[in-house]
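Protein chains in written order, with the numbering used here: chain A, 1 to 252; chain B, 253 to 408.
What the hints contain is simulated information worked out from the structure, not anything from laboratory work.
C-beta atoms are modelled at their ideal positions from N, C-alpha and C, and glycine is treated no differently.
Hints are supplied without guarantee of correctness; some may be wrong.
Which residues of chain A face chain B? A few of them, derived with a C-beta cut under 10 Å, are [said to hold, decoys possible]:
#: 1; residue: L130
#: 2; residue: L146
#: 3; residue: G148
#: 4; residue: A149
#: 5; residue: T205
#: 6; residue: L206
#: 7; residue: W210
#: 8; residue: D213
#: 9; residue: L214
#: 10; residue: G215
#: 11; residue: L216
#: 12; residue: R217
#: 13; residue: S218
#: 14; residue: L220
Cβ-Cβ distance ranges computed for the label pairs, FRET-style [as the list claims (entries may be wrong)]:
#: 15; chain 1: B; residue 1: V360; chain 2: A; residue 2: E120; range: 18 to 28 Å
#: 16; chain 1: B; residue 1: E324; chain 2: A; residue 2: R70; range: 26 to 36 Å
#: 17; chain 1: B; residue 1: L333; chain 2: A; residue 2: E120; range: 18 to 28 Å
#: 18; chain 1: A; residue 1: T205; chain 2: B; residue 2: R276; range: 58 to 68 Å
#: 19; chain 1: B; residue 1: G376; chain 2: A; residue 2: H114; range: 38 to 48 Å
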Amino acid sequence: MFGFQQRKTTIQFQIQHTAPGLPGTSPAALPPPSLVPPSAPPFEPPREPATSYSATLVIVAAQVDVTLGRIEQLVRAAGGRLASRADATLVVRVPRARFDETTAAIAKMGDLVHREVHAEADDQVVDIELRLKNARGVRERLAQLLQGATATKDVLDLEKEIARVTGEIESMDGQLRAANERLAYSMITVSFQPLRASESRAAATLPFPWLADLGLRSLLDVSSTSLASTPGCTPPFAYDAQGLKHFKPECL
Amino acid sequence: MMSPLPRLRLTLLLAAWVFAGCGRPFAIQTPPGLVELPGQTDFAYRAMTPDGVVLGVRVVDAGNADVAFWTEAVWLHMKDLTGYALLTSADVSSADGTRGKELRFSHVDHGRDFEYTVRVFVQGHHLFVVEAGGTKEDMSRYRAALDGAMASLRFN
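Here chain B stands alone, though its shape is the one from the complex (with noise of 0.2 Å):
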C-alpha cells in the first residue's frame, strides 16, 4: 500500500493536470522555468519566464478551414508586418498526433533580435493556435523547454 506521502504527492499532481486542463479544450505541461499566468483573457493558457520569454495558446473558431488555409493566414498577416522574416517552416504534432505546422520568425525591435514561433492545430471546430516569444538569446536557451511544453500538447 502507497505511503500517505507518496499519495498525497500522486493527488496534488492530478489535481494540477486538471485543473490546468480545466475549462480548456486542451492540455499542455507547463515546462520547467515557466510559470503560467492567472486571469488570461486574450490567451487560453499563458506561461513565462522571468526573463521574459512568454508561451501562449489561443483557441478560437476553426469554421471549416484546415490547417493550411490557416498557417496561409497566419504567414500572411505576418508577412505584412515589419520587421518579420520567416526562418523556417515545419510540420509539427501534437502529444496525441494531431498534425499541425509550425512558422519560425526573426524580428528586429529597436535594434534587438527576437525570435517568434506559431504553431497550427486544428482539431474538429477549434483552431488552436500555439506562440511562444523573446528574445533570440532568451529563446535559445530555454528552446528546449518551450518544445517540450508544445510537445505535450493534447486536445480534448
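So here's chain A without its partners, still in its complex pose (with noise of 0.2 Å):
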C-alpha cells in the first residue's frame, strides 16, 4: 500500500513538471478514471503552412573585404547574425520582418549582377504541432489510464508507456523551437565578384592608334620591313632547346 501510494505521488509530481499547461494535478481535481473514451476535440479549421524566405546575392565590387565587413554590421544592426563566411562568400540570417530591406540595402553595395528570392512553404511548424497535440492528448490518456490501474504489471506498462511518450514530446518540442526559429530568419547568401582594374579605369580612352600600338609586341615585329618578307621571319630569330637566340639565315 505504501509503494502503491508512492507511485501515485510519483505521477501527480511527472505531470506537473513536463506539461505545465494542463489542468491542476491535485488528487482531487483529476477525473475519476473511466473505460469510456474521452468525446472528440472539437474542430479546427486547418492552418496555412508558414512560408520561409531565402535570397542569393551576387554583386561586383572593388572592395570585397570592406563590403563584407559592411554587410555584417547592417546585418547585426537588423537584429541577424552570421551564419558562414569563406572567402568572397557570406551566409547571413535576418529576422523575417527585415528581410526585405536588408536584401535591398546589401544589393546597393556594389553593382548587383544576380538575384535570387525564394519563398517556400514551410508546413513541418504545422506538422510537428499536430503530432506534439496529439501526443500530448495520449500521455494524458495514459495518465487517467494509470489512476485506475491496479495490477503491478499494468502500472508498471503505463509508466513506461507514459515516460516513452514524455520523451517524444520533448523531442518535438525541440524541433518546434528550431522550425520556429528558422522561419523567424530569412537565410541571404552573398557572393562577390572582385572588381578588375580594367573596369574600375574610365570608360573613355585616348583615341590615337599609335598609342594603342606601343610595346614590345609591335617594336619587335619587323614584319613591315623587307627582311621580314620572307616567311617565317617573324620574328627574325629563334631559340634553340637550349634557348640561346640564333639569328635565322634566310631572314638576312
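From these two lone chains plus the hints, build me the complex, please.
Written as C-alpha cells, this is what we have:
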C-alpha cells in the first residue's frame, strides 16, 4: 500500500513538470478513471503552412573585404547574425520582418549582377504541432488510465509508456523550436565578384592608334620591312633547345 | 689639300647623315651593332641587332599637349597591358637640348624577361616616341649603344 501511494505521488509530479499547461494535478482535480474514451476534440480549421524566405545575391565590388564587413554590421543592426563566411561568400540570417529591407540594402553595396529570392511553404511547423498535440493527448489519456490501474504489471507498463511518450514530446518540442527559429529568420547568401582593374578606369581612352601600338609586340615585329617579308622571319630569330637565340640565316 | 680618299670618306659620311634624316623631322645615329631597317610604315626609323634588340622612333601629331601629358598617356597605356612593370622614370634631353621623359619597363613573356624603354619628346607640333626593347640580357649588352643612339637624337 505504501508503495502504491508512493507511485501515485511520482506520477503527479511528472505531470506538473513536463506539461505546465495541463489543469491542476491535485488528486481531487483528476477526473475519475473511466473506460469510456474521451470525446473527440472540437473541430479546428487547418492552419496555413508558414513561408520561409531566402535570397541569393551576386555583387561586383571594388573592395570585397570592406563590403563584407559593412554587410555584417548591417545584419547585426537588423537583429540578425552571421551564419558562415568563406573567401568572397557570406551567409547571414536576419529576422523575417527585416528580410526585404536588408536584402535591398545589401544589393546597393555594389553592382548587383544576380538576385534570387525564394519563398517556400514550410509545413513542418504545422506537422510538428499536430503530432505534439496528439502526443500530449495520448500522455494525458495514459495518465488517466494509470490512475485507475490496480495490477502492478499494468502500473509498470503504463509508467513505461508515459515515459516513452514524454520523451517523444520533449524531442518534438525541440524540433518545433528549431523550425520556428528557422521561419523567424530568413537566409541571405551574398557572393562577390571582384572589380577588375580595367573596369575601374574611365570608360573613355585616348583615341590614338599609335598609343595602342606601343609595347614590345609591335616594336619587335619587323614584318613591315623587306627583311621580314620572307616567311618565318617574324621575328627573324629563334631559340634553340638550350634557350640560346640564333638569327635565322634566311632572314638576312 | 685633302687627299681624295679622306675627302671621299667625308662625303660619304655627310651623305649618310643627310639621307638618314631625309624626309624626317629628326636625325639619329644608328649605333654600332645595329642596322637600320628600310621600308618602315608605323615607325619613322627602326634599327635592330642580330640578336633582336630593336630601336624605333615614331613621329606623331602632339596636338597642343606637352611632354607631361604624353608621358602620362604612355604610362597609363603600359600600365593596362599585361606583364609590364615600371622600373624607372627619368628626365632626359636630346642632343639639341630638347627636354623629354624616359620610362623604363620590365616585361615577362612566356617566362622570359624583357626590357622596354620609351622616351617622349615634344618639338613644335611633333611628338617623338623613341622605343627600345629586347630580352633583358640583350638589352644589357647593348645598353650603352642604345643610350648613345637616343642621346644623338636631334630635331629639325
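Going down the list of hints, with the structure as the test:
no. : hint                        : result
1   : L130                        : violated (64 Å)
2   : L146                        : violated (82 Å)
3   : G148                        : violated (89 Å)
4   : A149                        : violated (87 Å)
5   : T205                        : holds (8 Å)
6   : L206                        : holds (6 Å)
7   : W210                        : holds (5 Å)
8   : D213                        : holds (6 Å)
9   : L214                        : holds (6 Å)
10  : G215                        : holds (6 Å)
11  : L216                        : holds (5 Å)
12  : R217                        : holds (9 Å)
13  : S218                        : holds (7 Å)
14  : L220                        : holds (5 Å)
15  : B:V360 / A:E120: 18 to 28 Å : violated (52 Å)
16  : B:E324 / A:R70: 26 to 36 Å  : holds (34 Å)
17  : B:L333 / A:E120: 18 to 28 Å : violated (50 Å)
18  : A:T205 / B:R276: 58 to 68 Å : violated (29 Å)
19  : B:G376 / A:H114: 38 to 48 Å : violated (54 Å)
Hints 1, 2, 3, 4, 15, 17, 18, 19 from the earlier list are contradicted by this structure; the remaining hints agree with it.
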